[in-house]
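J.: Protein sequence lines correspond, in order, to chains A and B.
For the first sequence, the residue numbers in the working numbering are 305 to 705.
For the second sequence, the residue numbers in the working numbering are 305 to 705.
Check before you lean on any hint, since a few could be wrong.
The list makes no distinction among identical chains, and a pair is therefore deemed to hold if it is satisfied within one copy or across any two copies.
Listed below are the simulated DSSO-like cross-link pairs for lysine-lysine, each with C-alpha atoms no more than 27 Å apart in a straight line [said to hold, decoys possible]:
hint, residue 1, residue 2
1, Lys468, Lys313
2, Lys354, Lys381
3, Lys365, Lys473
4, Lys563, Lys608
5, Lys365, Lys354
6, Lys608, Lys618
7, Lys468, Lys692
8, Lys473, Lys313
9, Lys375, Lys359
10, Lys365, Lys603
11, Lys354, Lys375
12, Lys617, Lys696
13, Lys608, Lys365
14, Lys608, Lys692
15, Lys618, Lys375
16, Lys470, Lys313
17, Lys316, Lys473
18, Lys313, Lys563
19, Lys638, Lys470
20, Lys563, Lys316
21, Lys563, Lys502
22, Lys381, Lys638
23, Lys533, Lys563
24, Lys638, Lys533
The set of hints was computed from the structure by calculation and includes no laboratory data.
Number of protein chains: 2
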Amino acid sequence: MNPESFFSKDIKPALQNDPPGEWMPAIPADCIRLSSGYPDPGLVPVEELKEAVVKLLEEEKDLPLHYLGSKKVEDLKVFIQCLMVERFMLIQSDEVLVTSGACQAIDLIARVLIDEETVVAVESPTYMEALEIFQNYTSHFISVEVDENGLRTDRLEEELSERKRKGLKLPKVLYTIPTFQNPTGTTMTEERRAHVMKLAYEYDFLVIEDDAYGMVYFDQGIGSLKSMKRGKDPRVLYVGSLSKIVAPGMRIGWVAAEKEFIQALSWFKKDLDHPFSQASMSSIVENTDLDSHFITLRKVYREKCHLLLSELKKHLPDSVSWYVPEGGYFVWLKVPGVDTSNMLDQAAAEGVSYVPGKYFFLNQEDGLEYLRLSFSYANESDISEGVKRLGKVIRASVSGV
Amino acid sequence: MNPESFFSKDIKPALQNDPPGEWMPAIPADCIRLSSGYPDPGLVPVEELKEAVVKLLEEEKDLPLHYLGSKKVEDLKVFIQCLMVERFMLIQSDEVLVTSGACQAIDLIARVLIDEETVVAVESPTYMEALEIFQNYTSHFISVEVDENGLRTDRLEEELSERKRKGLKLPKVLYTIPTFQNPTGTTMTEERRAHVMKLAYEYDFLVIEDDAYGMVYFDQGIGSLKSMKRGKDPRVLYVGSLSKIVAPGMRIGWVAAEKEFIQALSWFKKDLDHPFSQASMSSIVENTDLDSHFITLRKVYREKCHLLLSELKKHLPDSVSWYVPEGGYFVWLKVPGVDTSNMLDQAAAEGVSYVPGKYFFLNQEDGLEYLRLSFSYANESDISEGVKRLGKVIRASVSGV
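Let's have the full structure, built from the sequences with the hints guiding it.
T.: What follows is the structure, given as structure tokens:
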């Protein structure tokens, strides 16, 4: 029996791509992990979770362990609505779907919107998991450059108008991370935000706004794209997540969108609800001063980012350049003349890891000279030591030694 | 803007079906819930979970709250492999995928195997969530009767040979719950098990074996279909779950199948892993005497089932009939001459709930005279009182009062 002979015709094109997680560097255990987009271990509310679970189970007993029944699942949704208010959105209960992290949110949106003929516009570079997801549904993409001011909306407009002129198919959807982008750390300017939404209306496409890092600003918060039209632009499907501000292992994300979209997404969410995880998170929210947690979190990441940047200046050759982020988890490096995938083995041997740039591009060739560093997970002394090691490896690669 | 105009062509047929959860009866809060397929509240390991989470977070700190990293996630997989040994299966690590409950397992299998032209064979009646899932992918079904000895494999063979003779498309997959079936409570005999697997080889189809209730036997365990060929028949994709034996709210299920299937399923599992939930479950497993938990569980459900059956004999008119289950959560009633969907309002008004039979049938007309009762969730006095109320409602409906 040949298992593959039973596969659906619909999944066969997807299986031609790289397997999921291919981007994850295989690194020795004692490596300094500048590759990990994990929160700082000190910011993960371990004690709070312990107390929250004990309290939850004392108060609600078996309720959060059945399929349905915990009131706290509903409370979590209310908390999520409040969080969105901080990003200037006014979202009703039937306009939110809680998901298993942002990845499931993006996957459900893709399932509802994208078929094998759909054209999807993405940023270049962009979040590799999202590329993996979209490539499970279609192979038609428009890829638009990101610079220090976020998505080059002028380039997007050129591409759209050219396609229109030539009678080519226009994109149904644009996937963007406008705020503290993964992997570049850049943020779309206000002008470009207005421009991209103008294009969405003009060329009739939807916008998937991935806002996983929106709350992780260093100095000042920025409204979401979705908020720009009376608190909820109907063209924007907003994706939020507690992974970067509370903990990814709880798998709490969500979609905020017009209720017709939410209904269709729920239709296909066949992992049902996750009452224990959602109620536990809800119990943390209820019993923790999250406002002060967020203040601490911003301070910690701001300092770690500044440390990383100053170490980069100290230890990297002048040819290497990067954007200065105002939030998020990442710094994006251009290392001219170096294939960063090839360099990864030496880096691991020196005891430092990163994610090679190519995985963030549809056309991987475009990303050979880039790499993504995270300042979120490693502690301060590891950041300093890690950059020192990286500097050594880069110098050796640049000089061809 | 019309949201529906953006929907993928692939999902439009699915949206023509009943919305998910349509089967769930809307019942007043103080109703006796003979509708709920929830575990007995006394069997949900609330204290054990509390201790397990505290211990987990003391030992592993932030590890289970990141994307990856908790060793206990791997331990859970080993526990699942051991559980399968109790069902006489020998499954390697790369032949298992842990999922968010059995529903996600079935959905992923459907995604990998089924496209809009695929023919799926199902039992009639069968698990309504599975029908919902399959109908999201195809509208081509073969529906084969279940009697007190499980699936009528003779009828399946007739249907297959007739299709072959006529040159009609044959099914790629059969979905079956051979042990303590939902909703009928029946179990496929050994002869029929051998027969169905013979047919699978002869007519070249795969078997999805849903074994959610396999461990909930009253007196004696039965091997799985998958176990029948040297511990793992490659034609069987086995779906397991901890929902019915530990707690559904933890959302732990799995698929055991040939590794080529497991790889393809993982490809599309875009809610990623659920480390906190999986590690917490793993910690319960490690710190609880689950063998004695299973012994208690079997005793409790056996007694509640026997109570339900004896109350049915006492309070229901002679025209009503049912199968006697040897495990599982359910008793399946035939109420001749009564439309059980219409009767539900009266039942709720009397203070008792059930699930109308029609939701377990592809052709809902076939299920009008049936209803599903659960003995798992209600306590003993509620079971007695609930059946008394049901008896009153049925008598009134039968006599047309």
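J.: Against this structure, judge whether each hint is valid.
T.: Do the hints match the structure? See the list:
1. Taking the shortest alpha-carbon separations for Lys468 and Lys313, only the inter-copy value of 22 Å comes in at or below 27 Å, while the best intra-copy value is 31 Å.
2. Taking CA atoms no more than 27 Å apart as the test, Lys354 paired with Lys381 passes in both settings, with 21 Å inside one copy and 24 Å between copies.
3. For the identical chains of this complex, Lys365 and Lys473 are neighbours neither inside a copy (55 Å) nor across copies (51 Å), given an alpha-carbon limit of 27 Å.
4. For the identical chains of this complex, Lys563 and Lys608 are neighbours neither inside a copy (40 Å) nor across copies (42 Å), given an alpha-carbon limit of 27 Å.
5. For the homomeric pair Lys365 and Lys354, the shortest alpha-carbon distances inside one copy (16 Å) and between copies (10 Å) are both at most 27 Å.
6. When the C-alpha separation of Lys608 and Lys618 is checked against a cutoff of 27 Å, the pair qualifies only within one copy, where the shortest distance is 15 Å, while the shortest distance between copies is 72 Å.
7. Taking the shortest Cα distances, Lys468 and Lys692 never come within 27 Å of each other, neither inside one copy (50 Å) nor across copies (70 Å).
8. For a Cα distance limit of 27 Å, the shortest separation of Lys473 from Lys313 qualifies both inside one copy, at 24 Å, and across copies, at 16 Å.
9. For the identical chains of this complex, Lys375 and Lys359 are neighbours both inside a copy (14 Å) and across copies (26 Å), given an alpha-carbon limit of 27 Å.
10. In the homo-oligomer, the alpha carbons of Lys365 and Lys603 lie at most 27 Å apart only across protomers (22 Å), although the nearest pairing inside one protomer, at 37 Å, exceeds that limit.
11. With identical chains, the CA atoms of Lys354 and Lys375 are at most 27 Å apart both within one copy (19 Å) and between copies (19 Å).
12. With identical chains, the CA atoms of Lys617 and Lys696 are at most 27 Å apart within one copy only, with a shortest distance of 13 Å there and 82 Å across copies.
13. Taking the shortest alpha-carbon separations for Lys608 and Lys365, only the inter-copy value of 22 Å comes in at or below 27 Å, while the best intra-copy value is 41 Å.
14. Taking the shortest alpha-carbon separations for Lys608 and Lys692, only the intra-copy value of 15 Å comes in at or below 27 Å, while the best inter-copy value is 67 Å.
15. With identical chains, the CA atoms of Lys618 and Lys375 are never at most 27 Å apart, being 53 Å at best within one copy and 38 Å at best between copies.
16. In the homo-oligomer, the alpha carbons of Lys470 and Lys313 lie at most 27 Å apart only across protomers (24 Å), although the nearest pairing inside one protomer, at 31 Å, exceeds that limit.
17. For a Cα distance limit of 27 Å, the shortest separation of Lys316 from Lys473 qualifies both inside one copy, at 23 Å, and across copies, at 21 Å.
18. In this assembly of identical chains, Lys313 and Lys563 lie within 27 Å of each other by CA distance solely across copies; the values are 19 Å between and 31 Å within a copy.
19. In this homomeric assembly, Lys638 and Lys470 never come within 27 Å of each other (Cα to Cα): the closest approach is 35 Å inside a single copy and 64 Å across copies.
20. In this homomeric assembly, Lys563 and Lys316 come within 27 Å of each other (Cα to Cα) only across copies, at 17 Å, whereas the closest approach inside a single copy is 32 Å.
21. For the homomeric pair Lys563 and Lys502, the shortest alpha-carbon distance inside one copy (22 Å) is at most 27 Å, but the shortest distance between copies (48 Å) is not.
22. For a Cα distance limit of 27 Å, the shortest separation of Lys381 from Lys638 qualifies neither inside one copy, at 40 Å, nor across copies, at 41 Å.
23. Taking CA atoms no more than 27 Å apart as the test, Lys533 paired with Lys563 passes inside one copy only; the shortest distance there is 16 Å, against 49 Å between copies.
24. Taking CA atoms no more than 27 Å apart as the test, Lys638 paired with Lys533 passes in neither setting, with 36 Å inside one copy and 56 Å between copies.
When the structure is compared with the earlier hints, violations turn up for hints 3, 4, 7, 15, 19, 22 and 24 and for no others.
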